Amino acid sequence: QELGMPIIGRLRRRHAAILVTVLACHAPPTLAAEFCVSNTSALRQAIDLAEVNGENDDLRIVEGNYVLDAGLVLTVHEAFAVTLAGRWNADCSAQDGGVSALDGGGTVQILYVYSDVNSALTITDLYFSRGRGGPGSIDGGALSVETSGRNVRIERNLFIGNSDTNSAGAARIAVSTSNSVLAIRNNV
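Each number in my numbering corresponds to the 1-based position in the sequence shown with 5 added.
Hints in this document: simulated from the structure, not taken from any laboratory.
Any given hint could be a false lead.
Here are the simulated distance ranges between beta carbons [to be verified]:
#: 1; residue 1: G139; residue 2: A38; range: 30 to 40 Å
#: 2; residue 1: E160; residue 2: A99; range: 17 to 27 Å
#: 3; residue 1: V104; residue 2: R190; range: 33 to 43 Å
#: 4; residue 1: V104; residue 2: A179; range: 38 to 48 Å
#: 5; residue 1: S181; residue 2: A95; range: 18 to 28 Å
No experiment lies behind these values; they were computed from the predicted model shown.
For every residue, glycine included, the Cβ atom is placed at its ideal position computed from N, Cα and C.
Starting from the given sequences, assemble the full structure and let the hints guide the process.
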């Protein structure tokens, strides 16, 4: 028994401690949508949802070859983080799969990202092949990113056989604010 503490006081303190523990364990989760995609159609649908769902978005691209008949376009006007990452195994439980190849077929720009809000954009572990920019597309045969406020991280991607008749064959990254961080690491 605690000295000098009436039994009612001890019970209130125990209940308060239990209530605090329960509330701490049931804090509301951070809003995040996770998409596990294994074909081009599912990838397009995940991109469409990421543009408007009001959540952070984690697009996990399963190993495989994604041949594009039209470029992928991600236009984001929400201040939520977006990640596109390859090399996921079939059920997206681990990022230990083989290559996730986005193939422009020598005719289309592979991925164009535009954002006018502050947040993070991460593109990792993808293989960009045979992207082709040109008339009607923004520079960057494989990848073009335009943002006025996102922190951008492009990491561990492979750019092979991409071209652009305007300028940048592999990638063009344009960040138009001094408050953003641009990190381009370990790409080939």
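Taking each numbered hint in turn, which are not upheld by the structure, reported in ascending numerical order? 3, 4 and 5
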